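One letter stands for each residue in the lines below.
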Amino acid sequence: MTARRPVRWDTLRLAAVFALVGLPLAAVLSHTGRDSDGLWSHLAATVLPGYVYNTIGLALGVAVLTLLFGVGTAWAVTLCRFPGDRLLRWALLLPLAVPPYLSAYAYTDLLQFSGPVQSTLRELTGWQRGGYWFPDVRTLAGAIVILAFALFPYVYLAARAAFLEQSVCVLEVARTLGHDPWSSFFRVALPLARPAIFAGLALVSMETLAEFGAVEYCAVDTFATGIYRTFNLPDPHALTAAAQLSALLLLPIALLIGCERLAQRSARSHPTSVRHRELPSWRLHGVKAALATLLCLVPIALGFAVPTMVFLIETWRGGDRRAAELFLTLGRNSLLLGSLAAGLAVALALLVAVSRRNSPTRFHRVLSRLVGVGYAVPGVVIAIGVLAPLIWLDSQLDHWSQVLTGVGTGLFLSGSIVAVLYAYQVRFLSLALNLVRAAFGRVHTRVDDAARTLGATASRTLREVHLPMIRGSVAAGAALVFAETIKELPATLMLRPFDFDTLAVRVYHLASDERLSEASAGALALIVVGIIPVVLLAKIIDRSRPGQHADPREPTS
Amino acid sequence: MTSLELHNVSHRFGAAEVLREVSLQVSRGEVHCLLGPSGSGKSTLLRLVAGLETLQQGRIDIDSTEVAGAHHHLPPEQRRVGFVFQDYALFPHLDVRRNVLFGMPPGPSHQRNQAVIDLLERVEMVRFAGAMPHTLSGGEQQRVALARALARRPQVMLLDEPFSGLDRSLRRAVRSNTLAVLKEAGVATLMVTHDPREARLVADRLSVLHGGEILQSGPPLDLYHRPSSLPVAELFGPINRVSGIVKGRSVEVPWGVVDARDETEGAAVVVLLRPEWIWLDDADGFRAEPAAEIAGITADGPLVRVTVRCADGTLLSLADVPRHAWTVGQSVVVRTIDDPPVIRSDSDRP
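Those protein sequences? They're chains R and F, same order as listed.
Whatever position you read off the first sequence (first residue = 1), add 273 for my numbering.
Whatever position you read off the second sequence (first residue = 1), add 181 for my numbering.
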């Protein structure tokens with residue numbers, strides 16, 4: 274391509290965002306060779322094998338369960354017709370609204386010895402304590418089940434998108450070649466959808482590796498909880514050792530990113546037929562219909578309805594006596610962090626997307642993709658990575674301020690919400706970026722050309738043409754980041770300023786103290802916020818069925 | 182008077198050369214058509230003039246002022262150039278009035294609004310001022326795009342296949358309106374099209390672009406009657422090719438001789454004959470003219486296409502009004518205009 278004039282500025286801007294996002298990861302990696310005065314070798318000898326075992330076990334267990342339920346439900350609601358299938362189609366996304374740590378709290382409350390389920394059982398059967406076996410939530414198996422029903426929608430989404438994209442003709446050919454629906458599913462549909470499902474599984478695994486709250490509550494020692502615990506050790510080398518653990522965790526994550534990218538690439542298969550008629554719908558009756566409904570209802574119930582009901586009932590029965598006064602402060606803090614993070618993320622995403630649009634070279638494309646890589650990195654790792662450079666910067670600031678003005682600045686950055694906001698950007702920028710980039714992609718470059726030949730500068734074009742055209746996606750991006758920020762636990766826990774609690778942090782503390790009824794109102798609020806991205810996702814998916822979006826324009830509503 | 186001048190403009194995308202040493206001038210009030218197949222570099226040329234693409238080699242002047250040269254690139258927003266895109270590229274989030282207002286130079290708002298109304302009046306779109314672009318038909322969108330491009334009072338207007346998105350029935354009306362508006366505005370217009378008929382209809386001058394080079398430039402009739410190469414000749418319809426050798430001032434052909442024009446003695450040439458430049462007489466058997474015979478007759482609308490085989494086997498195709506007396510196998514005498522275009526044999530390969 275030709276060299277356009279603003280190339281240098283675009284490159285600088287992109288590189289700046291890239292440096293910002295990459296710095297924490299570089300900081301984590303830079304600790305690998307550092308001396309931790311025996312702390313690391315101690316950890317490696319004592320707890321590391323357990324971390325590895327639990328993390329692998331958790332990831333595998335969650336992968337198997339999400340695969341079964343994700344693909345099964347996607348197949349049912351996409352290609353079969355049974356009572357309620359339309360409603361179930363988006364209701365299957367609802368579990369995404371409940372952060373796994375809230376599920377863990379709810380199930381522990383529900384299934385513990387003194388909980389309603391066991392009490393009722395004992396009353397009905399007359400069993401005595403210790404005289405019967407009952408599943409324990411706070412085990413590896415419990416964590417697996419909780420995470421699986423919180424995360425299966427990722428696989429469901431990927432599988433459903435893949436099934437929707439498949440040409441009807443391919444499936445019909447399979448039928449004419451003598452395969453019944455069941456066998457054409459396994460012989461044709463599933464192999465075709467495999468790359469997409471694999472990409473969904475990779476996402477699930479990333480989330481599993483990143484999960485902190487639920488796993489910690491279930492008392493399962495994984496890398497994420499181990500890093501957190503090491504970080505909190507009263508040891509001068511705690512940060513270094515935590516960073517070294519983090520660096521180790523980055524290995525499987527890099528592997529997962531690679532797998533996901535590869536899978537995504539081959540998921541963009543080349544359809545041999547471009548006909549996208551209304552998908553075939555096998556109408557189910559009687560027992561089959563009931564089974565299909567049940568298959569979909571079970572994960573929705575386990576992943577969404579049951580935890581929500583638990584919190585509803587708890588709130589109804591007692592709730593937090595100090596709820597009203599605390600709620601105001603906590604809500605304000607959460608809102609503040611959420612809106613600031615969302616605004617920043619959208620601004621950065623626009624910066625990246627515009628630079629990338631103005632300079633359509635391979636270099637800029639790759640750089641703008643790398644900027645979003647933080648979505649795969651666990652919050653605990655990002656927190657460690659953000660803290661190290663900020664502490665260094667603070668010490669420099671403090672030093673020079675002492676020298677110049679005689680007054681120190683203290684922990685100006687690392688002890689303020691700057692640190693938390695920074696971590697949120699690293700982790701959630703890709704959410705805003707993906708939406709903004711996709712929206713920009715739908716605006717034809719000729720519109721830019723028209724604006725420029727009509728006398729508009731690049732910035733006026735962005736302001737008066739691009740932004741009004743993509744505002745729906747910008748708002749969606751902001752809402753996604755907002756919701757994720759409000760729910761985020763580990764990074765907020767580790768980086769928030771002293772005495773600065775958010776809803777999520779408060780709920781975590783109350784739950785840790787077994788004061789669940791007091792936490793329930795906050796938990797409900799978090800679930801309500803979590804429904805925002807679910808609704809957005811459902812809307813985005815509705816628009817993306819091939820052949821069904823006749824109007825490529827950005828909706829103005 | 183010359184408003185747009187291109188001097189030796191060359192351009193490449195990576196290894197591919199899309200324009201080679203292109204020069205042309207467009208005067209105020211003149212419509213200059215760039216005619217060529219897709220991929221011939223037409224659109225790149227427009228984008229270079231608009232400043233949407235950075236010039237690599239050559240020079241572009243607008244109103245005798247350099248806008249792009251060796252060390253100089255005026256950004257598009259600072260050139261007074263109007264651009265009507267193939268798909269019109271109306272801003273989908275703005276209504277018709279605000280689309281046109283977008284390009285209006287700053288000034289008191291009542292003046293700008295009045296200017297918008299005036300422009301919409303000129304393209305007969307005032308009653309759609311509040312309409313959103315997606316509610317308009319193709320022809321209506323085209324007129325809004327034209328009004329919008331005129332809002333900056335451009336010195337040069339660039340049209341990229343402006344009528345190709347329209348129905349055939351609509352095209353003629355929109356075309357004549359557009360041209361009337363452009364003439365009235367007195368701008369220099371450079372229009373890109375791949376349709377030779379359209380180019381001949383609207384152009385004051387036209388340039389044939391082929392593989393990044395201008396093959397021939399001139400008024401449409403000149404290019405039709407005096408093509409300098411076979412690709413140019415074939416653009417405007419079927420043409421007969423008859424090989425011959427220049428002898429003296431003429432070329433010997435199976436039915437007699439034609440003027441050799443400026444070709445030199447002994448040169449191998451090709452005589453080009455459009456079907457309507459040939460007609461037939463009955464052979465009466467007494468004249469010494471070489472006879473030919475009718476090899477085929479096909480009806481083609483109001484005319485017939487007649488294929489004639491000359492004595493030496495050369496086949497000629499001609500169009501004529503049908504005559505009942507004609508039958509296949511009949512002997513006839515071939516007559517043509519005296520001075521058809523004559524090109525060198527080696528120039529018939531592009």
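Where hints are given, some of them may not hold.
Stated by the list, open to error - On the chain R side, residues computed to face chain F include the following (Cβ under 7 angstroms):
1) Leu666
2) Thr718
3) Arg719
4) Arg725
5) Thr730
6) Gly745
FYI, nobody ran anything at the bench for these hints, they're computed from the structure.
For clarity, every value in this text was computed on a predicted model and none was experimentally measured.
Even glycine gets a Cβ: it sits at the ideal position worked out from N, Cα and C.
Hints, one by one, checked against the model:
1. Leu666: Not OK, violated: leucine 666 of chain R not within 7 angstroms of chain F, min 38 angstroms.
2. Thr718: violated (9 angstroms)
3. Arg719: holds (4 angstroms)
4. Arg725: holds (4 angstroms)
5. Thr730: holds (5 angstroms)
6. Gly745: violated (11 angstroms)
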